[in-house]
Amino acid sequence: MEKENAIEVRNMTKSFKIYKDQAKTIKDRLVRAGSKPEIKTVLEDINLDIHKGETVALIGTNGSGKSTLLKLMTKILYPNKGTVSTQGKLTSLLELGAGFHMDFTGRENIYFNASVFGLTRKEIDKRIDRIIEFSELGPNIDEPVRTYSSGMYMRLAFSIAINVDADILLVDEILAVGDQHFQNKCFEKLEELRDSDKTIVIVSHSLDTVQNLCSRAIWVYHGRIQLDGDPAYVIRQYLKQSALDNEENFSKNDGEESHKHAGVIHIDTPHNFESIKAKQILNVSGWAVSTSKKETIEIGFDQSMNPVEKQIARPDVYEVYEEEYAGLIKDDILGFNIQIMVPEDISGDARLTAVLKADGRIIDRKKVRLRVEE
Amino acid sequence: MSLFRQIYQYRELLLTNVKKDIRGKYKGSVLGVIWSFLNPLLQVFVYYLVFPYLLGNVIPNYLIYLITGLIPWTFFLSTVTGGTRCIKDNAGIIKKVYFPREILMISQVLSGLVNFYISCLIILIFCLFGGVGISIHVLLVPFIALIQAVLSLGLILILGSIEPYIQDLEFIVQFILQMGFYGTPVIYTITQFQNAGWLLKIIEYNPLTVLLNAYRDCFLYHVWPDMNAILIVLAGSLLLLIIGMMIFRKLERNFAEVL
Chain G
1 MEKENAIEVR NMTKSFKIYK DQAKTIKDRL VRAGSKPEIK TVLEDINLDI
51 HKGETVALIG TNGSGKSTLL KLMTKILYPN KGTVSTQGKL TSLLELGAGF
101 HMDFTGRENI YFNASVFGLT RKEIDKRIDR IIEFSELGPN IDEPVRTYSS
151 GMYMRLAFSI AINVDADILL VDEILAVGDQ HFQNKCFEKL EELRDSDKTI
201 VIVSHSLDTV QNLCSRAIWV YHGRIQLDGD PAYVIRQYLK QSALDNEENF
251 SKNDGEESHK HAGVIHIDTP HNFESIKAKQ ILNVSGWAVS TSKKETIEIG
301 FDQSMNPVEK QIARPDVYEV YEEEYAGLIK DDILGFNIQI MVPEDISGDA
351 RLTAVLKADG RIIDRKKVRL RVEE
Chain B
1 MSLFRQIYQY RELLLTNVKK DIRGKYKGSV LGVIWSFLNP LLQVFVYYLV
51 FPYLLGNVIP NYLIYLITGL IPWTFFLSTV TGGTRCIKDN AGIIKKVYFP
101 REILMISQVL SGLVNFYISC LIILIFCLFG GVGISIHVLL VPFIALIQAV
151 LSLGLILILG SIEPYIQDLE FIVQFILQMG FYGTPVIYTI TQFQNAGWLL
201 KIIEYNPLTV LLNAYRDCFL YHVWPDMNAI LIVLAGSLLL LIIGMMIFRK
251 LERNFAEVL
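Those sequence lines, one after another, are chains G and B.
Take our numbering: the last position of the first sequence gets the number 374, and nothing is skipped along the way.
Take our numbering: the last position of the second sequence gets the number 259, and nothing is skipped along the way.
One chain only, chain G, in its complex shape:
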C-alpha cells in the first residue's frame, strides 16, 4: 500500500449470491441442493485510490453499488476478487448507535459504543466531556437510554461517532439527525474535519451537500466507476446521464399499460380543518412532480373536478426532486394556483381532493378536510 493513500482498491469485484429464499436450515439446504443461485455482480473490477486528507463523495442512483463499496471499505463485507485496504483508524457513521444497550445509561453507552470503534478506556475518558457537550443531552446523560426520544438517541450516537478522531471517516446519508440546529452543528463539525488532515468518504443523495463539502466526487454507475473528478463536473454529468436513463425508461414505455408511473402531488393551501364558506371562491395552491410528460391534475370537491395547469416556478420543490426525476421535470414550473367555487350544496365536513393522473391512472392523491360554515 502506498504511503499517501488512505484507501486503496485494486481489481476488486463483489458479487452476491441471490437465492429465491434464504436457506438457513438443513432441510432448506437439501431441498435447494439442485437449484443454482443467481449471481449478481454489484461492483466490477474497481480500482481506486483515496489519498490522505481528501474529502470524497460517492454518488450514483439507488442500487448502483456505492453503499456496497462503503461497506467493503469498513470490512463488513469482503470482496470476491481483488483487495480493499485501508491505512489508519477507521470509523463509519453507518452504524449510529451500534452496541447501544437500552438498559444502561447514556454515559455507560458512550463507553460501549466508543469501544466498538476500538477506543481504549483512557482514550474515551479523554473524550467523554466533549461527547456529552456535543450531544447537548445535559443531565439526561445519566438516565437509561431506553428513556430517550429517538432524537436524543441519534444525537448521542452521532456525537460519539464524530468524536472518535478516526483518520478515515465513512459517512452514509449524513445529516438526517436531530433538528435543524443539530444538523447545522454536525455539518460544521464535518467541515472542520475536512479542513484537518482527516480522510472523509461520503455517500449522499444530497448533491448540494456533496458540492459544498467535497473536493472530489466519484460517480458509480452500474457497478463501475464512470467518472471521477471535480464535484461540479461529475454531478453535472451524473444528472445528464440520469436524465437520459429516465427519459429512455419512461418515454419508451409511455402509454403502455404495464408501465407504472410515479409521482407526488401536494396541496399547500387551504390547510387541513380550515373553515370556508359555501358559494365563495377558494384559493387552492400546491405542486406536483411525476415521471410522466402527459400527467394531468384535477382538483375539486367530490364529483366536480376541475383540470389544472402548472404554471408557477417552485425552485424549492425542484431542488428536492432534481435528482430523482432528472430529465423528467424539465424546468422548475411545478406549482399551481387556482380559484374554485365552493359548491352551495355542501355543508359541515367537506373534502377537497387533488388527483395526479398519468395514462388515465391515478398515481397520487391528496385530500384536505375543510369545515363549511353557514
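Hints listed in this document are in silico derivations from the structure and should not be mistaken for laboratory results.
Be careful, since some hints might not be right.
Stated by the list, open to error - Distance condition first, Cα-Cα at most 20 angstroms in a straight line; then the derived DMTMM-like pairs of lysine to aspartate or glutamate:
(1) G:K81 / B:E252
(2) G:K89 / G:E38
(3) B:K19 / G:E143
(4) B:K20 / G:D103
(5) B:K96 / G:D165
(6) B:K19 / G:D125
(7) B:K96 / G:D167
(8) G:K40 / B:E257
(9) B:K20 / G:E108
(10) B:K19 / G:E123
(11) G:K260 / G:D359
(12) B:K96 / G:D172
(13) G:K27 / B:D226
(14) B:K95 / B:E252
(15) G:K17 / G:E38
Once you have looked at the hints, place chain B on chain G.
Showing chain B alone in chain G's frame:
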C-alpha cells in the same frame, strides 16, 4: 499475530462486553447478578432432594459432590449455548461495524470464567461448613478452569461460526449438551457405570469427566488430580482452539451476508 494485536487494541470492547454479559442479562430483575449464582444452587438442592431416592445413598458428601459437579457443568453449558447463538444474536452490530469478531466469543468465555471464579467462593463456603474442609489443592482450581475455558472457546469458535449458515445447529447442540449432562459424572459417580461397556468408555473419554474429577480432587478429596489426563485434555483443547480459529477466520467473512 495481527489477530492478537487487534484484540489487544479492542481490549476495552472486550471488557465492556464481558461486563455486559455478566450484568446485562439480569438487569431489571430484583436480585440482579445474584441469579447467576442462585440458579445452579437451586438446581443442586433439587438434585440433592430427589437423587438419593433414585441412586441410593452411595456417594458420601453428596451435597458437596453435586455442587462441585454442577457449578463447573453450568459454566460449560452456559458458555457453549451462549457461544453458539452469539454471532446470530449480535447480527445487528455485525452487519454494521467492523471489529474483530473473535471478541464476541472470547467475552462469552471470559464472562463465564469470571462467574465461575465467583461461584468457587460459594463452593468453598459449602466445603468449610459441610464438614469437608479446605486444603492447599484448591490452588489448582483456577488453572483447571482455564483449561476448561480454552476447551469451550475452541468449541464455540466452531459452533458459533457455523450457526449463522445452518441454524439447526443450535438445536442439535442443545440436544448433545443434554446427553452430555448424562455422559458426564455430574450427579452420579463413574463407579456406578462400571458394567456399562461402551457407555463407560464414552464417559471415560469425555474431557469434561477429566476436568470434573480434577475439580473434585481439589475441593472434595484433597488430593492432586491425575496430571497426565489433564495435560492430554489441555493439549487437545489447544489443538481444538487452533482449528476453531482457522474455521472462524474462514467463515466470518460472510457473516454480514448470511445473517
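>> Need the list of violated hint numbers for this structure, in ascending order.
In response: 2, 13
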